[in-house]
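Chain order of the listed sequences is Z and G.
Taking our numbering, the leading residue of the first sequence gets 1, the next gets one more, and so forth.
Taking our numbering, the leading residue of the second sequence gets 1, the next gets one more, and so forth.
No lab work stands behind these hints: they were computed from the structure.
Keep in mind that a hint or two might mislead.
Listed below are several chain G residues computed to face chain Z (Cβ distance under 8 Å; list not exhaustive) [stated by the list, open to error]:
(1) ALA11
(2) ASP46
(3) GLU94
Here are the simulated distance ranges between beta carbons [as the list claims (entries may be wrong)]:
(4) GLU37/G / LEU29/Z: 18 to 28 Å
(5) GLN62/Z / GLN62/G: 15 to 25 Å
(6) VAL98/G / GLU48/Z: 17 to 27 Å
(7) ARG36/G / VAL99/Z: 15 to 25 Å
(8) ASP26/G / GLU48/Z: 38 to 48 Å
Built from N, CA and C at the ideal position, the CB exists for glycine as well.
There are 2 protein chains.
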Amino acid sequence: MFIAMNRFRIAVGRESVFEELWRRRDSQLEGVSGFREFHLLRGPTDEEATLFASHSVWDSRQAFEAWTESEAFRKAHAQSRAPEGTYLGHPEFEGFEVVL
Amino acid sequence: MFIAMNRFRIAVGRESVFEELWRRRDSQLEGVSGFREFHLLRGPTDEEATLFASHSVWDSRQAFEAWTESEAFRKAHAQSRAPEGTYLGHPEFEGFEVVL
């Protein structure tokens with residue numbers, strides 16, 4: 001089991017714009033081999049930003065990586081972006097292997 | 001749904017000590033109201049440390065917080081600690097609400 005997370009720092013006040021983008025997004029994940037589930041998570045807020053994380057669960061790292069090289073992935077990531085000033089910095093990817 | 005994560009930076013070379021501590025640990029989580037599942041996750045490694053995260057899924061933030069105030073929580077956290085030099089810095093807690 002493998003969990004892929006992308007961490008986003010979203011400017012305070014822009015949270016609903018960001019959530020709406022994800023709500024409207026066609027993730028292209030249904031039916032992808034090895035894909036189990038997806039959630040968008042909202043974490044803590046500091047003075048300037050709210051932490052969000054995309055959180056997807058896969059059978060294995062191999063299944064996740066195969067998806068990132070697919071046409072479905074390209075399509076999902078070619079969709080509309082948030083207005084300037086929404087993101088503080090670049091998203092940070094973290095992949096996790098399930099140990100226990 | 002709520003996801004509670006604690007992030008640990010573990011010195012390179014000490015990963016197996018850390019994993020073994022968690023393997024032997026009695027989490028006291030079974031049967032706790034609102035608890036769904038627990039995993040220990042192993043993330044990326046940089047020059048000095050490997051990122052680990054404890055990852056527990058709950059019905060709600062309220063259920064998680066009630067557990068942190070319980071006797072079961074106190075017991076689970078009174079167990080043996082890793083040897084000095086295992087942890088680089090303090091664990092960082094992040095709680096996430098499921099948006100989508």
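Hints and how they fare:
1. ALA11: This hint is violated: ALA11/G lies away from chain Z, its Cβ roughly 17 Å from the closest one there, beyond 8 Å.
2. ASP46: violated, 12 Å
3. GLU94: holds, 5 Å
4. GLU37/G / LEU29/Z: 18 to 28 Å: holds, 21 Å
5. GLN62/Z / GLN62/G: 15 to 25 Å: violated, 38 Å
6. VAL98/G / GLU48/Z: 17 to 27 Å: holds, 24 Å
7. ARG36/G / VAL99/Z: 15 to 25 Å: holds, 18 Å
8. ASP26/G / GLU48/Z: 38 to 48 Å: About 40 Å separates the Cβ atoms of ASP26/G and GLU48/Z, which means 38 to 48 Å holds.
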